[in-house]
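S.K.: Sequence:
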Amino acid sequence: MAKWLVKSEPAECGIEDFAKAPDGVIPWDGVRNYQARNFLAQMAEGDEVFLYHSSCKHIGIAGIVTVIRSAYPDPTQFDPESPYYDGKSTREKPRWQAVDMKYVRTLPGLIPLEELKSMAGLEDLPLVRKGNRLSVMPVGEEEWQIILNQAG
DNA sequence: GCCAACGTTGGC
DNA sequence: GCCAACGTTGGC
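In this note's numbering, the protein residues as written are 1005 to 1156.
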């Protein structure tokens, strides 16, 4: 099973929202970046995902979710009412993909970005690199373990 | 609120 | 195909 990390603003969709969602399930839609979309498309059912809180007071890894439905056309791209609407996308040739994710657990303590930056073995994780804006990224098995050990 | 870094768009 | 202009992300 592959491992991943996704960013979200907790005001929009944080680990608490997963914990409160019916069955703990939230569709991961609205991704509008090609590189991030390509990673989304590679996700498989059962893959585990770190949920990272960005653009807020306490930034860092807050919890773990799992992929329960692999990539399907993101419905928000067809919805003119949606902020994620994309007029250039068609149902025959959808541009954007979504997956469904399910709550696994909230970490006992958030792992702050600052700490992730200082940890050995995470140097290649795009998350800790300056100016990185990628919102969906792969996490290597070793990186995953290093972070898990830190999470307790 | 600021601003650096980045991705995308569009003129040429 | 280049690249300037623009909009967005996201840490600080």
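No wet-lab data here; the hints were simulated from the structure. Please read all numbers here as calculations on a predicted model, not as lab measurements. In this text, a Cβ means the ideal position worked out from N, Cα and C, and glycines have one as well. Honestly, I wouldn't trust all of these hints.
As the list claims (entries may be wrong) - List of simulated lysine to aspartate or glutamate pairs, DMTMM-like, C-alpha gap at most 25 angstroms: (1) K1106 - E1013; (2) K1097 - E1119; (3) K1106 - E1145; (4) K1024 - E1049; (5) K1106 - D1083; (6) K1011 - D1051; (7) K1061 - E1096; (8) K1106 - E1020; (9) K1061 - D1051.
To be verified - Now the in silico label distances, taken between C-beta atoms and shown as ranges: (10) S1086 - K1121: 33 to 43 angstroms; (11) D1027 - A1124: 12 to 22 angstroms; (12) E1118 - S1093: 19 to 29 angstroms; (13) V1029 - A1124: 15 to 25 angstroms; (14) E1016 - G1135: 19 to 29 angstroms; (15) D1083 - N1153: 36 to 46 angstroms; (16) K1121 - E1013: 17 to 27 angstroms; (17) P1098 - Q1154: 32 to 42 angstroms; (18) H1062 - D1027: 38 to 48 angstroms.
S.K.: Compare the structure with each hint and give your call.
M.R.: Results of checking the hints against the structure:
no. : hint                              : verdict
1   : K1106 - E1013                     : holds (17 angstroms)
2   : K1097 - E1119                     : violated (42 angstroms)
3   : K1106 - E1145                     : holds (20 angstroms)
4   : K1024 - E1049                     : holds (21 angstroms)
5   : K1106 - D1083                     : holds (24 angstroms)
6   : K1011 - D1051                     : holds (16 angstroms)
7   : K1061 - E1096                     : violated (41 angstroms)
8   : K1106 - E1020                     : holds (12 angstroms)
9   : K1061 - D1051                     : violated (28 angstroms)
10  : S1086 - K1121: 33 to 43 angstroms : holds (35 angstroms)
11  : D1027 - A1124: 12 to 22 angstroms : violated (38 angstroms)
12  : E1118 - S1093: 19 to 29 angstroms : violated (38 angstroms)
13  : V1029 - A1124: 15 to 25 angstroms : violated (35 angstroms)
14  : E1016 - G1135: 19 to 29 angstroms : holds (22 angstroms)
15  : D1083 - N1153: 36 to 46 angstroms : holds (42 angstroms)
16  : K1121 - E1013: 17 to 27 angstroms : holds (20 angstroms)
17  : P1098 - Q1154: 32 to 42 angstroms : holds (38 angstroms)
18  : H1062 - D1027: 38 to 48 angstroms : violated (27 angstroms)
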